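Order-wise, the sequence lines are chains A and B. Just so we're aligned, residue 1 is where the first sequence starts under our numbering, counting upward by one. Just so we're aligned, residue 1 is where the second sequence starts under our numbering, counting upward by one.
Be a bit skeptical, because a hint or two may be false.
Stated by the list, open to error - Capping the alpha-carbon separation at 20 Å, the derived lysine to aspartate or glutamate pairs in DMTMM-like fashion look like this:
(1) A:Lys159 to B:Glu43
(2) A:Lys159 to B:Asp27
(3) A:Lys128 to B:Asp91
(4) A:Lys159 to B:Glu231
(5) A:Lys128 to B:Glu30
Claimed, not checked - So, partial list: chain A residues that the calculated Cβ filter (under 8 Å) puts toward chain B:
(6) His44
(7) Pro126
(8) Ala130
Derived from the structure by calculation, the hints contain no laboratory data. Predicted, not measured: the structure shown is a model, and the values here were computed from it. Even glycine gets a Cβ: it sits at the ideal position worked out from N, Cα and C.
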Amino acid sequence: MSASPFPYLSPPSVGLLYTDHHAWLRTWLQRRLGNAADAADLAHEAFLRLILKPAPHGFDSKLEARAYLRAMAQGMCIYLWRRREIEQAWLDTLAAQPADFAPSAERQAIVLEALQEIAALLSELPPKAAQAFLMSAVCGMTAAEVGQELGVSSRMVRKYVAQAMLRCMQAQAMQTAAALRQAAP
Amino acid sequence: MSGSPAMAAAPAGRPQRADDAGPPPHDIMERAAQWYALLVSGEASAAERAQWQAWLASHPHHRRAWAYVESVSQRVLAPLQNSPDPRLLADRMRAVDARTRARRRALAAIGALAGTGLLGWAGWSRTPLGGLMASWTADYRAGVGDIRAFTLQDGSRIWLNAASAADVDMDGGLRRVVLAAGEILVSTRHGDPRPFVVDTPQGRLRALGTRFTVRREPGRTFLAVYEGAVEIRTAGNATAGVIPAGRQARFGPDRIDAAAPVDPAREAWARGELIAWDLSLAEIVDELGRYYPGHISLAPDVAQRRVFGTFPLRDVDGALAMLAEAASVRLRRPLPWWISIEARPAAVPPRS
């Protein structure tokens, strides 16, 4: 990658951006992800997003366009890694079970989806609130036990759990609203 | 009341299509979340439970807000509570969450620097699937599957093992290397009067003219000295000890374990080899995992098999194929990035 700015003389179309940067972005992603198929998917997705939601001020130069695309792709990598790591966390949990334990594919899909959803919600909360919620709501630990582990009062644990639950309820409300909108004629 | 206290007495199922669309007012949603937190805390008194029931009964908005609690509990929380090992799962989720946060922080930090034109964007390198945040911002790093050699400003050489990272500071009165992750082999250059030190969270290693490896392990540091000697000073209480050539030792912040004869195979990774002389399969897989960006899982019934041989670290697939022969195990790939090592199925008896 050269450091010269390559100015755009007029605002570039998505088509021109694609020609200029798609191959480069795919290579860049492949280096980060170590996988050609994932890289191709994410590169496409990045351009799709660029069409749906163009950069606020457009681009004056190729360098600027690349910086923008890279920032976007970086965020997508973080998301992809989280998805993969959650899958792996689930597979590891399964692998730790006795060999004859084999939940149905449907059951597994339900758990995985719940994990992905809760991970997305928890990542928006302060880390301790996220931990307190996992320990209370998923592991069934009492507020006193959680407080001891996190080094906070059980009152604080209750506050964290309420904060996390409220966030989940809001997400649920948004989903329900979206479902109702879709169901409406 | 039986079962989960929070779930009693409320109508099951998704929130109903309500009299007026949309969720109840925010403060009522908040109150419902607080009731939930109290009920799962294990600290709710009988009087408080009665208050909660009264609250539910007193207004349709309250019941609607509670229906959202129900819905989250049934759709998202119940599958996790009923999973085989919720604590293990929660623990792993916490680790994933921490890594995601660290990545976002690094992204924000680098983004801020890039905006000022100080850094540019070229500094990213491949990082392992498991995330290795320290290495993203370190001066020198080697990704999964890489072994890299660097010559420092003073002429000293360092080799970074796979998934390793180090910062180097040569500006003060010290030649200082901070091992951020993984393992490093150092060959110091004589002639520079400044002391050469390697820092880890557990202490400082001072080279006394030398060639040695330092490796970070959870809560400890591993040191092996091949030439010269290295002085250890622990971070917690400044216990000092000198490890001479041909010896290796581990130390924590407060104590240095007894030194043992050095294992020459420990240095071989700098040449891209793993020498296994009576190692368990588990130890070898642990080592190979540092060179493989996916996940290698090992069946417990074969983990303790002993292995002899030399394996190429730069070609993990080749190494695993050789390993499958050497330890007579079977490789399976349930997912593209997941390798499973298992016992070979018993031979099928020939049909008569």
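- Give me the numbers of the hints this structure contradicts, sorted from smallest to largest. Those not satisfied are hints 4, 6 and 7.
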